[in-house]
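Trainee: Assemble chain B onto chain A, guided by the hints.
2 protein chains.
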Amino acid sequence: MEKKISKAVVRRLPKYHRYLTNLKESGVKKISSKELSDMIGFTASQIRQDFNNFGGFGQQGYGYNVEELLEEVKGILGLGQEYSVVILGAGNLGSALAKFNDFERYQFNIKALFDIDEAIVNKKINGITVHHTSELDEFLIRNEIDIAFICTGNSVAQELAEKAVSLGVRGIWNFAMVDLHLPSSVIMENVHLIDNLFTMSYFLKSK
Amino acid sequence: MEKKISKAVVRRLPKYHRYLTNLKESGVKKISSKELSDMIGFTASQIRQDFNNFGGFGQQGYGYNVEELLEEVKGILGLGQEYSVVILGAGNLGSALAKFNDFERYQFNIKALFDIDEAIVNKKINGITVHHTSELDEFLIRNEIDIAFICTGNSVAQELAEKAVSLGVRGIWNFAMVDLHLPSSVIMENVHLIDNLFTMSYFLKSK
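As you go down the protein sequences, you meet chains A and B in turn.
The first sequence maps to residues 72 to 278 in our numbering.
The second sequence maps to residues 72 to 278 in our numbering.
Calculated directly from the structure, the hints in this document are not laboratory data.
Quick caveat: nothing in here was measured; it's all calculated off a predicted structure.
Be careful, since some hints might not be right.
[Unchecked claim] Distance condition first, Cα-Cα at most 35 Å in a straight line; then the derived DSBU-like pairs of lysine-lysine:
#1 B/276 x A/100
#2 B/78 x A/276
#3 A/234 x A/78
#4 A/194 x B/170
#5 B/276 x A/105
#6 A/195 x B/170
#7 B/100 x B/145
#8 A/170 x A/182
#9 A/276 x B/234
#10 A/276 x B/75
#11 B/276 x A/75
#12 B/194 x B/100
#13 A/276 x B/195
#14 B/276 x A/276
#15 A/100 x B/234
#16 B/78 x B/170
#17 A/195 x B/194
#18 B/194 x A/276
#19 B/100 x A/78
#20 A/276 x B/145
For reference, chain A alone in the conformation it holds in the complex (with noise of 0.2 Å):
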């Protein structure tokens, strides 16, 4: 059975699952937190506290399986399934989004983009489709789709992630760069870009 997690936790968990990946990649059979930590940067303790909240596996004197851990991580991470997935605005930022095949590796399935711009409508991205916005509706009915990124302008974002959510898209990824405000049972994750940026020029003056 697994503990609940605390967020900090989970946030953690994709860095884990980076460097056990590599580590996995370059033959690394075993590992001790104290190594994990000088490559993480996390603490040694923490690094312990972490794993144990699911299941602890390392053993004293011998440190964790690599293989092992990193399944473990994956598994908790809901990996290994497959999602499906929708790209709400194919401009820029939504056509470089279908062209990862990161996404399709971790079994994210892209199954078709949205945009109202004609000159791209019936169009493929990477092999994916651009339909009009307004097949939106019908596509969610006739397909399941778990996650819909959301690339659209700032003026239409909230609608249609409303409407995503209307017709049973349960993850939110939102690029716009407004806060979307959705039912509290919606797991929604923002990249708001400028924003980060901007925390950069404030370091940069400041220096």
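Mentor: Same frame as chain A, now just chain B:
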């Protein structure tokens, strides 16, 4: 004189910037901390405290002057001055970033892209030339560049970021899926898209 502002406040500033910009564009002249709170979701007392950090504008019973406050937030964020940018890696993501007009709007001026793919070297993306990565040294010596966006593959991200920093770049915006190790004087922000998506899959699976 500006007081030293905590990192937590700095991270909220871009959000204030976003809301105040929208308010100004909607013609709103003044706003109370209570009204801002209802929109942004921070408590009114948090908002008053944040604004007190940098001079404190509000007048009891009157509220904040939207335009003045926006100008103040911009100044603190280091906006209103120009930043010169290079994009390292002109693949899907690097190209998409070169096409974002919001960067130029805020005076983050993209001067050049760099890539090793002969098929795109010397081509232009949104009017900006793609140079061969072998020309990076000379370009950075001849041009004062503030920020490098790292959009390369994981294997070369560290090496190129180090080179950029050694030749005067002060800010690194890292989109590669690796953690970069750079001198602590470097301003670095990370956008690990896959990490973000994995956090979503965790919560989707847990529901």
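Trainee: Provide an ascending list of the numbers of those earlier hints which the structure does not satisfy.
Mentor: 12, 14 and 19
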